[in-house]
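**Student:** Protein sequence lines, in the order shown, are assigned to chains A and B.
Going by this note's numbering, the residue at position 260 of the first sequence is 1010; the numbering climbs one at a time, nothing skipped.
Going by this note's numbering, the residue at position 152 of the second sequence is 902; the numbering climbs one at a time, nothing skipped.
Everything labelled a hint here was simulated from the structure, so no lab data went into it.
Errors might be hidden in some of the hints.
Since the list can't tell identical chains apart, any single copy or any two copies may satisfy a pair.
In the PhoX-like style, the derived pairs of lysine-lysine whose C-alpha atoms are separated by at most 25 Å in a straight line are [to be verified]:
id: 1; residue 1: Lys971; residue 2: Lys1059
id: 2; residue 1: Lys862; residue 2: Lys848
id: 3; residue 1: Lys986; residue 2: Lys968
id: 4; residue 1: Lys986; residue 2: Lys962
id: 5; residue 1: Lys962; residue 2: Lys786
id: 6; residue 1: Lys971; residue 2: Lys1052
2 protein chains.
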Amino acid sequence: MRRYLLMAITLAAVLVLVSLAAAADPLPSWNEGQTKRAIVDFVQRVTAEGGADFVPPAERIAVFDNDGTLWVEKPMYVQLAFALDRVKALAPQHPEWKDKQPFKAALAGDLKTVAAGGEHALLELIMATHAGMTTDEFARVVTDWLASAKHPRFNRPYTDLVYQPMLELLTYLRANGFKTYIISGGGIEFMRPWTEKVYGIPPEQVVGSSIKTRFELKEGKPVLMRLPEINFIDDKAGKPVGIHMHIGRRPIAAFGNSDGDLQMLQWTTAGSGARFGLIVHHTDSEREWAYDRQSHVGRLDKALEAARKNGWTIADMMKDWKIIFPFQLK
Amino acid sequence: MRRYLLMAITLAAVLVLVSLAAAADPLPSWNEGQTKRAIVDFVQRVTAEGGADFVPPAERIAVFDNDGTLWVEKPMYVQLAFALDRVKALAPQHPEWKDKQPFKAALAGDLKTVAAGGEHALLELIMATHAGMTTDEFARVVTDWLASAKHPRFNRPYTDLVYQPMLELLTYLRANGFKTYIISGGGIEFMRPWTEKVYGIPPEQVVGSSIKTRFELKEGKPVLMRLPEINFIDDKAGKPVGIHMHIGRRPIAAFGNSDGDLQMLQWTTAGSGARFGLIVHHTDSEREWAYDRQSHVGRLDKALEAARKNGWTIADMMKDWKIIFPFQLK
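Bound conformation, chain A alone:
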């Protein structure tokens, strides 16, 4: 008899725990308020079977910008820090770089001169550091760099500097049957080696800018060589193009933080049925950075205007986020 009583008590305890877990806040790092309510309301509407806004799981596609939306983009894009470090690492094999711009400036850490060279200079740095090797070799270089490089302000690996509230949002959406994608202006192959571990987003759900690759037999072994030639720029008007090319259906939710995400949000929210657009507004100069219209990196001007006009949700980093990074979790 006693044994049955024990079993009954155990069972009751399990049931209580299960229901507590189900009722637990899926977005604990988001402060209560309009922004959080808008997110939860949208998810509840599109997942309510029989409801007017119900969306079948296969069509629950959510797209996220990466730089400034999922991880830090200040003081410079992480991929630019990578390129500059690679220039230094490769310099011994390129003695000519000592006297040649933009390499000379890059080696001296003189970002102003690099920037003065404009797009052409940047492209030269990117091609010199991103091409001329196989896809497997490049993935290894990225992985090795991320394992050792540190962010200059936070003195932590860059992959520590992802936004905890956004990680919770990714998990929350996936728990509700969404497929989460990254749609970034950054390099697709720069992201794929680590997005699964850091964001739970597998390589096939990462879309980004790319250089061309060529299939070759190298000593009888098939490889894909990375060529110094632009293939696709997944930014601004390129984002809907990249989305369509890779996914082939229109997302129902889009998350960005800059004018580079404007067309992605337009494309996503112009579809029929319930749609959700959100802009992460960097308003927290103490815990992270505060920037929008005047910033070179992650400029947010037209998209902020459009957000207000179209009723997209604006996440105010200072007001809406309890903490910024996972390492601040207690």
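We have chain A; now place chain B onto it with these hints.
**Tutor:** Positioned in the frame of chain A, the structure of chain B alone reads:
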């Protein structure tokens, strides 16, 4: 008492049915023999937890060519039949086509003259029929055409002319945790409107050739316009490039039928661990077609050589397949 007996009998019957279903042959349209054994053996090896060849579900990527591997490609690629029909449908808006090649020949059904124009002539036909509209409009045109067009030999919709043994293979792989992709030389947007319904393969798992698209606001509404410019040719050495671009990991199994699939099979089978390559060999002139080295459509020469050399499995349509098409199921 009688009620309990009835319940017990029902339960027993259910259990028997469930175990029968579990033991049922997942590939009933494949004859017993070496080919079928090779497929089942591979799947069992990569799914056996703790086994030497175990592959985690996330890495169980299987890639399939489409034309000649999943559906018929004779007497001509289905997409070419589509383009020719579209030329006829659009001719009233293009009176100049009456005197202009390759349109004149296409309108007269004179395929020899079209073919004599080579790649350039084909490209002209494709661009005239595939570009100059939005992605949504093109999807609708494809869907409408497939609903009415009939295959000249079988007098059935083209989507009836998919290979039943390959449908079973797709289902069998997915039931074993595989993600199934199409990697086709055909147009990505020509396939996406129907692959989910016909093959169970969603748009985001379809890779193919493409023309460029441009994001535009058309009367304030965002659209993607299809441009008369090649973006990517997903054939031969392009297939591993397309695979890497879209999936970002190397498949562990690849299925093709022609020299256009050679590099895809090389790329797939050169990876470490258990790998599987299969060539569908069209050997059945009665039930379908028999062709390989001499065929213009779906030429199988180098890939057949490579299959023998590398130990890839060759599915002999006549010997290995009990039936060819789903409508032959009893």
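**Student:** First find the shortest C-alpha distance between Lys971 and Lys1052 inside one copy, then the shortest across copies, and answer within, between, both or neither for a cut-off of 25 Å.
**Tutor:** between (49 Å within a copy, 17 Å between copies)
**Student:** For Lys971 vs Lys1059, is the C-alpha pair at or below 25 Å within one copy, between two copies, both, or neither?
**Tutor:** The answer is between: 15 Å across copies meets 25 Å, while 55 Å in one copy does not.
**Student:** I want to check one pair: Lys962 and Lys786. Are their C-alpha atoms no more than 25 Å apart within a copy, between two copies, both, or neither?
**Tutor:** neither (41 Å within a copy, 38 Å between copies)
**Student:** Is it within a copy, between copies, both, or neither that the alpha carbon of Lys986 lies no farther than 25 Å from that of Lys968?
**Tutor:** Between copies only: 17 Å across chains, 37 Å inside a chain, cut-off 25 Å.
**Student:** Checking an output row: Lys862 and Lys848, CA cutoff 25 Å. Within, between, both or neither?
**Tutor:** Within. Shortest intra-copy distance 17 Å satisfies the 25 Å Cα cut-off; inter-copy 61 Å does not.
**Student:** At most 25 Å between CA atoms: does that hold for Lys986 and Lys962 within a copy, between copies, both, or neither?
**Tutor:** both (20 Å within a copy, 16 Å between copies)
The structure fails hint 5 only (numbered hints given earlier).
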